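Below are the chains, spelled out letter by letter.
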Amino acid sequence: MAHIFAVGGGKGGSGKSFISANLGVMLARQGKTVVLVDLDLGAPNLHTMMGLNNLKTGLNNFLNKSVKNLSLTAVPTKTPHLYIISSTRCSLEVCNLFYEQKQKIIRAIWQLPADYVVLDLGAGTNYNALDFFLASHQGLSVFTPEPTSIQNTVEFIKAVYLRKLKHILKRHAFSTAAKEVKYESDDGVVRSPLDIVNSVMRSDPARARLLQEELKKLKFKLILNQYRKQIDETLGNRIEKVCNRHFYSQFQFLGNIAYNERVFDSIIARNVFVAKYPYTPTSTDLKNVANKLTGNNVQAPALKETNAKV
Amino acid sequence: MRKFEELNYYEIFEISINASTFEIRQAYKEALSIYGSDSPVSYSFFTEEESKEILDRIEEAFSTLIDQEKRALYDKMLVREKRIDPSSLTEKREKVPTPLFSYKNAGGAAIAKTIKERIKDKDLKKTKEVILSKDMISGDDLKQLRQTVGIEIEDLFEVTRITVSILEAIENDNFGTLPPTVYLRNFLKAYAKLFEVDPKKIIDGYLKNLNHIKATS
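Protein chains in written order, with this note's numbering: chain A, 1 to 310; chain B, 1 to 217.
Read the hints as simulated data drawn from the structure, not as lab findings. Note that the structure is predicted; figures quoted are calculated from it, not measured. One should not assume that every hint holds.
[Claimed, not checked] If you want the footprint, here are the derived chain A segments under chain B, 3+ residues with CB under 8 angstroms: (1) 10-23; (2) 146-152; (3) 235-241.
[To be verified] The list that follows gives simulated cross-link-like pairs (lysine-lysine, DSS-like), each with its CA atoms no further than 30 angstroms apart: (4) Lys113(B) <-> Lys229(A); (5) Lys113(B) <-> Lys170(A); (6) Lys3(B) <-> Lys113(B).
Just so you know, even glycine gets a beta-carbon here, dropped at the ideal spot from N, CA and C.
Chain A extracted, bound-state conformation:
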């Protein structure tokens, strides 16, 4: 079964598609079969970033049942071993998926014959984004160093956490707690998901342990994109620390991705950044993140590499 990464994060423009595309290329370069799935339903553009136009097949063929197996809708990209399933030909109303359709997509993704699957999600905290995020093995949350972006990322993390929490409460029949939660959230009283965990702990300490263990299975990875020199380089580590301290899930900061003006050029050229500009600090940062995700050794900064060549 494929190992699934979901790339999400609350704020638009933080670089989710950029990270997905480049991560896909980096993983494929490790010699693995990788499938990129554009799940930014209703606003797909991952194929453009990969330099592909006029795609004949995509997620729409799977949704309208003209193709039974999702893997048949994958299209090869310019990078060997890297495929893309685009949602560009889907209906303009595809963002309002029925629950059953969503479950069908998730089940099909789990059965894709690949080593890695990278899901590119849309911004915001709607159920589509949350459920696809939760369907992955590892969820990557991308943010930039602005307070607005950090804020939305924290909201996103809290929303994912709450959705997971509700799933657990339902599945393990925490009936009273689940009702309480439902009642509270309808009222808009729930300040943070932590309140729910605390209330379960008070009312049912025995099963609170189960809840904690289930929540612990949830793994978040954090990526700080558009990192600039003047920013405290430990910002990501600090966020990781606070998350680990105040949530029951596991958080890992994967690293800073240096800001680079040429990212703009690569998108204009409709080419993947790491392919167009492989010898830049940004590309090395992306490579290091990919290596960290797959457990390979992290390499030295790009500057040293280029210096060695000169």
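Got chain A; can you put chain B on it based on the hints?
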């Protein structure tokens, strides 16, 4: 994971129970850089009330651990409640050497802010009146201002960035090690401004006193 309210002071700062004063200060700075009111991390995570609760707890932890007597009492309490193993407590807390670039820490601004707030909260009117009524103002008077607020000379350094040795010389009227008058005036001005007393009176009174000491010795 344990809840923040359940962590003991050492766990809040993620330091060992035998941490030195220096380590405690560093850890305090680090904590403020995460939970301080200016931090973007804290801003996104917590509501204002939650953030205040956490900060109060950090302040309480710091003021306890930095004070040798209070710290000893706190350690005893932890042992009594069986929250720590008494055998892990060593008698002497070694002072470790200061790492060279340790002051390049982002917590500096946050620490300065809390110190300024502490000074603001304190009612210094009486002390100020006594000092300003004097014709000659000695270093002892300035020291008294500081001690009434209950802050250390290192804290003054955090706010004013005047080195500790100069601050000590000012407070002890040690004219041998004091900087030239041009600089001294500015240092005194910074000192006075911090405690919100008239800088002109302080400078004039202090220099007058200094000349007097020089003349008599």
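Results of checking the hints against the structure:
1. 10-23: Contact hint for the region 10-23 of chain A vs chain B: violated, 0 residues under 8 angstroms.
2. 146-152: Satisfied; 3 residues make the cut.
3. 235-241: n = 4 at 8 angstroms, threshold three: holds.
4. Lys113(B) <-> Lys229(A): This hinted pair holds, its Cα atoms lying about 25 angstroms apart.
5. Lys113(B) <-> Lys170(A): violated, 47 angstroms
6. Lys3(B) <-> Lys113(B): Satisfied, since the Cα-Cα distance of roughly 27 angstroms is no more than 30 angstroms.
Hint violations for this structure: numbers 1, 5, all remaining hints satisfied.
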